[in-house]
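A.B. asks: Now for the letters of each chain:
Protein chains: 2
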Amino acid sequence: MFRNPKIIYSWPYGQHFCKYLRRNASFGEVHPLFESLIAGNRAALARAITLSESTLERHKQESAHLMSSVLKHNLQNRSLRIGISGPPGAGKSTFIEAIGLHITELNNKLAVLAVDPSSTRSGGSLLADKTRMQQLSVEKLAYIRPSPNRGHLGGVARATNAAIQLCEAGGYNVIIVETVGAGQSEIAVANMTDIFVLLVPPGSGDELQGIKKGIVEVADMILVTKADGNLKTAARLVKTEYSRALRLLRNHDDTSWKPFVQTVSSISGKGISDAWSDMLEFHQEMISTGKYQDRRKKQRVTWLWDHVQDELLEHLRKDTLNAKFQEKLEADVRNGVILPSTAAQKLLNLFLKGKDNIS
Amino acid sequence: MFRNPKIIYSWPYGQHFCKYLRRNASFGEVHPLFESLIAGNRAALARAITLSESTLERHKQESAHLMSSVLKHNLQNRSLRIGISGPPGAGKSTFIEAIGLHITELNNKLAVLAVDPSSTRSGGSLLADKTRMQQLSVEKLAYIRPSPNRGHLGGVARATNAAIQLCEAGGYNVIIVETVGAGQSEIAVANMTDIFVLLVPPGSGDELQGIKKGIVEVADMILVTKADGNLKTAARLVKTEYSRALRLLRNHDDTSWKPFVQTVSSISGKGISDAWSDMLEFHQEMISTGKYQDRRKKQRVTWLWDHVQDELLEHLRKDTLNAKFQEKLEADVRNGVILPSTAAQKLLNLFLKGKDNIS
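Protein sequence lines correspond, in order, to chains A and B. If you want our numbering, it's the position in the first sequence, counting the first as 1, plus 477. If you want our numbering, it's the position in the second sequence, counting the first as 1, plus 477.
Read the hints as simulated data drawn from the structure, not as lab findings. Be careful, since some hints might not be right.
[Unchecked claim] Distance condition first, Cα-Cα at most 27 Å in a straight line; then the derived DSSO-like pairs of lysine-lysine:
#1 B/K735 <-> A/K805
#2 B/K768 <-> B/K747
#3 A/K549 <-> A/K823
#4 B/K768 <-> A/K795
#5 A/K775 <-> B/K537
#6 B/K830 <-> B/K586
#7 A/K537 <-> B/K537
#8 B/K774 <-> A/K537
#9 A/K830 <-> B/K735
#10 A/K805 <-> B/K774
#11 A/K795 <-> B/K795
#12 A/K823 <-> B/K805
#13 A/K801 <-> B/K801
#14 B/K795 <-> B/K735
#15 A/K775 <-> A/K805
#16 B/K537 <-> A/K823
#17 B/K768 <-> A/K735
#18 A/K537 <-> B/K805
#19 A/K801 <-> B/K775
#20 A/K795 <-> B/K830
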């Protein structure tokens, strides 16, 4: 697996580390990053995440090697993973900074990750610019990491799932995963966190247009932001409306937790510590009822088959030999001259041609 | 394709038809069922649907042959496809009977189909028992068909999509697709219809527990049923609550249609004709704005890739040679000792082994 460490380790490690590797060509079972990672070394964490985001085959193998130790190490971990979503203008980063400073003040180690399939490394997208959370970014107990750039949600989600584990191994006991709410990314984030928080700005109509279908219904907690100054009354009104709406949704859920709505102000700080207490209460209840582990187990299996499905489709769609045939079929389906199921069968037959170990 | 008609056509056609086929071994381009189907023959429609539900390879080929003419025939069709869902006890069949009789009274041809992945032919499941809609089932302009029995949602959905087309070719201009609301079947039905109607019983708590997440948000219309007798006030209250909730959801949608809530009574008939007028208005607006065709085009392409994904996963999971390996990996993922993405990659590598036309 690690036949030529000189080449394999020329990246993404620093000079010093490369020297170490050259001296220790055979380093046994545990990946060399592992010890510094669990010792809480930030640089090691950053490197481990970068490694897990790489698409190069040798990095993938390395990352799998590192992750096997990380997962074993995390087995008894009881971290709190918080998903945060909200439409543009809901004040997500201001809120994360406010509650993040509160969380670290209480001596918790906090990692802030992001899921933004639209982000590009070069662009000034979500969290790419740490100046958005100026105070939190200089806080020693906080680690902020921009969204991985993988082009499509499946890749971003995969990388973020790995990053969560790496942060937990690094001793971060609270992980916030922020999403911009593009398409299906909220559902992905809800599927990788223990509690899903929806931020809603006061006001209605235009401001709320960014809230995607189905999001209100998966929220464990709704926080109406900007409840200060002359928006105080508006925020309270929105709170009442959402409380009413929530009574109609989610009452079928199998957890005993009743999702609720609160108002917060990231400026005055009002409601921030209450929001954190509520999250902790939720966390405790989940652990004591065994739902914490159940939910995570289910999430992991869901991810497995989601990844398999994603990758299979990806493979089929990248099947360049049949690209024209695919285009033609999709156009025929769109225009209604062939049934979607018939076209699907044709695509599959072609793709699976040559595979003979299928029953 | 039709080399031995004697064998191919021994089923599902009647004796008379078999004789015809034996006399006409070569029947050219159009499938022999097609003419009777578009002439409005109910027996031909029933046979065509049965054929489309068959999993035998020769029936699949036949069905594809028939469907190619059917789809061409339906291209300019402007039928109204109505999806109807609601929790158990919402009074779905009573409502469908009431509005169905109203629809046929106005001289429309109405087909009622069902999507119920849990149904078994032998069991007394959804719509299997036509006595549920006694009056409608003897109505000449109505055609009622129980849910296909395919075991999983993908198969049921595929068969229902074909049945919709066959009914439309048979001259049915209104198609109601009912769902029991098991898991994802509501979303599937919303994805194959032009308007999605949610039925809600008056009352709250227990009665509403059957409404799944996300369903309220995809509804184009919510009808509170049983608005008669001593439930009248309760129904009006539920209407107000849902009207408020709807203001918070769906306001981001790209259609100009504002979903709304009405009360109906299938017993007194109050609200039934209004509900039908509203559906027609929706239909007209969709057609005049071009959203009718757009939505259908999008639905078809969605179905194509859904089917492809479903089938690919099905193939992989049926890969009996690797069944034990799959089980082991899934258990490892559940227990958190391997990353879902790593396990997915292992499964894929094994499955795709031997395929060399993948880029």
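A.B. asks: Each hint: holds or not?
C.D. replies: Hint check results:
no.: 1; hint: B/K735 <-> A/K805; in the structure: 36 Å, violated
no.: 2; hint: B/K768 <-> B/K747; in the structure: 30 Å, violated
no.: 3; hint: A/K549 <-> A/K823; in the structure: 44 Å, violated
no.: 4; hint: B/K768 <-> A/K795; in the structure: 31 Å, violated
no.: 5; hint: A/K775 <-> B/K537; in the structure: 36 Å, violated
no.: 6; hint: B/K830 <-> B/K586; in the structure: 52 Å, violated
no.: 7; hint: A/K537 <-> B/K537; in the structure: 43 Å, violated
no.: 8; hint: B/K774 <-> A/K537; in the structure: 39 Å, violated
no.: 9; hint: A/K830 <-> B/K735; in the structure: 48 Å, violated
no.: 10; hint: A/K805 <-> B/K774; in the structure: 15 Å, holds
no.: 11; hint: A/K795 <-> B/K795; in the structure: 23 Å, holds
no.: 12; hint: A/K823 <-> B/K805; in the structure: 32 Å, violated
no.: 13; hint: A/K801 <-> B/K801; in the structure: 37 Å, violated
no.: 14; hint: B/K795 <-> B/K735; in the structure: 45 Å, violated
no.: 15; hint: A/K775 <-> A/K805; in the structure: 39 Å, violated
no.: 16; hint: B/K537 <-> A/K823; in the structure: 12 Å, holds
no.: 17; hint: B/K768 <-> A/K735; in the structure: 38 Å, violated
no.: 18; hint: A/K537 <-> B/K805; in the structure: 22 Å, holds
no.: 19; hint: A/K801 <-> B/K775; in the structure: 20 Å, holds
no.: 20; hint: A/K795 <-> B/K830; in the structure: 16 Å, holds
The structure is inconsistent with the numbered hints 1, 2, 3, 4, 5, 6, 7, 8, 9, 12, 13, 14, 15, 17, although it conforms to all the rest.
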